[in-house]
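First to last, the sequence lines map onto chains A and G.
Each step along the first sequence adds one to the number in our numbering, with nothing skipped, and position 79 is 79.
Each step along the second sequence adds one to the number in our numbering, with nothing skipped, and position 50 is 1050.
The set of hints was computed from the structure by calculation and includes no laboratory data.
Mixed in with the good hints there might be a few duds.
Unchecked claim - Which bits of chain A does chain G cover? Going by a derived footprint, with three or more residues having C-beta under 8 angstroms, they are:
no.: 1; stretch: 66-78
no.: 2; stretch: 88-102
no.: 3; stretch: 107-120
no.: 4; stretch: 123-133
no.: 5; stretch: 147-158
Unchecked claim - Pair ranges (Cβ atoms, derived):
no.: 6; chain 1: G; residue 1: 1038; chain 2: A; residue 2: 35; range: 17 to 25 angstroms
no.: 7; chain 1: G; residue 1: 1013; chain 2: A; residue 2: 34; range: 40 to 48 angstroms
no.: 8; chain 1: A; residue 1: 104; chain 2: G; residue 2: 1072; range: 17 to 25 angstroms
no.: 9; chain 1: A; residue 1: 158; chain 2: G; residue 2: 1010; range: 45 to 53 angstroms
no.: 10; chain 1: A; residue 1: 136; chain 2: G; residue 2: 1084; range: 47 to 55 angstroms
no.: 11; chain 1: G; residue 1: 1038; chain 2: A; residue 2: 55; range: 25 to 33 angstroms
no.: 12; chain 1: G; residue 1: 1066; chain 2: A; residue 2: 93; range: 43 to 51 angstroms
no.: 13; chain 1: G; residue 1: 1006; chain 2: A; residue 2: 53; range: 26 to 34 angstroms
no.: 14; chain 1: G; residue 1: 1076; chain 2: A; residue 2: 57; range: 28 to 36 angstroms
no.: 15; chain 1: A; residue 1: 27; chain 2: G; residue 2: 1106; range: 16 to 24 angstroms
no.: 16; chain 1: A; residue 1: 55; chain 2: G; residue 2: 1067; range: 36 to 44 angstroms
Stated by the list, open to error - Straight-line alpha carbon distances no greater than 16 angstroms define the calculated EDC-like cross-link-like pairs of lysine to aspartate or glutamate that follow:
no.: 17; chain 1: G; residue 1: 1099; chain 2: G; residue 2: 1004
no.: 18; chain 1: G; residue 1: 1073; chain 2: A; residue 2: 123
no.: 19; chain 1: G; residue 1: 1099; chain 2: A; residue 2: 123
We treat Cβ as the ideally placed atom computed from N, Cα and C, and that holds for glycine.
Residue-level listing of the chains:
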Amino acid sequence: MINFSRRFFLRIFFFSSVWFTLTGVDITSWVVGVPAVLIASGLSLMLAPPSQYQVSLAGVFRFIPFFLRQSLHGGIDVMRRALSSRQLLDPGLVSYTTFLSEGSARILFANTISLLPGTLSAELHGNSVTIHTLDRGLPIWANIQGLEYHIAALMRISPGKRNSS
Amino acid sequence: MVPEKKNMDILYHSGTVLILLGLSFFLSGTVGLIRFPDIYTRLHALTKADNVGLGFVVSGLALQSGSWAVTAKLLLIWLLVLIASSASCHLIARSAMQKNIQPWTR
């Protein structure tokens, strides 16, 4: 129980900082802010119960530049295909089985796939992700594996362990 | 006083350059939305180009603001938009898959 209330307060602190960053020093904004923070904390505990993950700070610092570089590539890639006078699309579906465990790791994985160059996560079934790609000629496997390893490092999941769920 | 003003000018103009760069990504995302053949390829165009575009606009505005509080707020807004757009992109693609909409192929 002590553990639970500690987690609740951590989330209240987290959402309060989000609210404070968005609204600044305006005191009256907390008329809306206090209920919003309380509801968000409660909902987040219900929808995303505390997990066994230990987020690694070093992993975060390696993930951010990787993420920014890949998003930029993704944006430039789409820009090139959209503006070119020739048809540069060769789309297709591929399926990928991930070793990342259920929960935040897998959700972060599915969401960031959509920001890598030329890939988009279309369906997530257990540990299998269906990926739509703009161009089957792209190094999709290498990109996705790179992302998977970055997320594993971020959440301190050992890559060898494959969940059969 | 004078060098400081010059510094502010450099920040302001680099900010303008970044914002224009961001707008060109928004424009190309919209061109892709119109030109690409099916729902999946259009989702690619919208999410990726707009996220990068917003990233540049946010960095440009942060440079022009000259304030850490505003910079933090802008970065947070970018992060929230990233989360919302990649989640909604996934949901739209998933619902298209469940409706058995076949991807366009060459």
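Hint check:
1. 66-78: The restraint on the stretch 66-78 of chain A holds, since 8 of its residues have a Cβ under 8 angstroms from chain G and three suffice.
2. 88-102: Three-residue rule met by the stretch 88-102 of chain A, so holds; n is 5.
3. 107-120: holds (count 8)
4. 123-133: holds (count 4)
5. 147-158: violated (count 0)
6. 1038(G) - 35(A): 17 to 25 angstroms: violated (42 angstroms)
7. 1013(G) - 34(A): 40 to 48 angstroms: holds (41 angstroms)
8. 104(A) - 1072(G): 17 to 25 angstroms: Check passed, 24 angstroms falls within 17 to 25 angstroms.
9. 158(A) - 1010(G): 45 to 53 angstroms: holds (47 angstroms)
10. 136(A) - 1084(G): 47 to 55 angstroms: violated (29 angstroms)
11. 1038(G) - 55(A): 25 to 33 angstroms: violated (37 angstroms)
12. 1066(G) - 93(A): 43 to 51 angstroms: For residue 93(A) against residue 1066(G), whose Cβ atoms are near 47 angstroms apart, the range 43 to 51 angstroms holds.
13. 1006(G) - 53(A): 26 to 34 angstroms: violated (48 angstroms)
14. 1076(G) - 57(A): 28 to 36 angstroms: At roughly 19 angstroms between Cβ atoms, residue 57(A) and residue 1076(G) fall outside 28 to 36 angstroms, so the hint is violated.
15. 27(A) - 1106(G): 16 to 24 angstroms: violated (59 angstroms)
16. 55(A) - 1067(G): 36 to 44 angstroms: Given range 36 to 44 angstroms: violated, Cβ gap about 29 angstroms.
17. 1099(G) - 1004(G): With a Cα-Cα distance of about 60 angstroms, the restraint between residue 1099(G) and residue 1004(G) is violated, given a limit of 16 angstroms.
18. 1073(G) - 123(A): violated (32 angstroms)
19. 1099(G) - 123(A): holds (12 angstroms)
Checked against the numbered hints above, the structure breaks hints 5, 6, 10, 11, 13, 14, 15, 16, 17, 18 and satisfies the rest.
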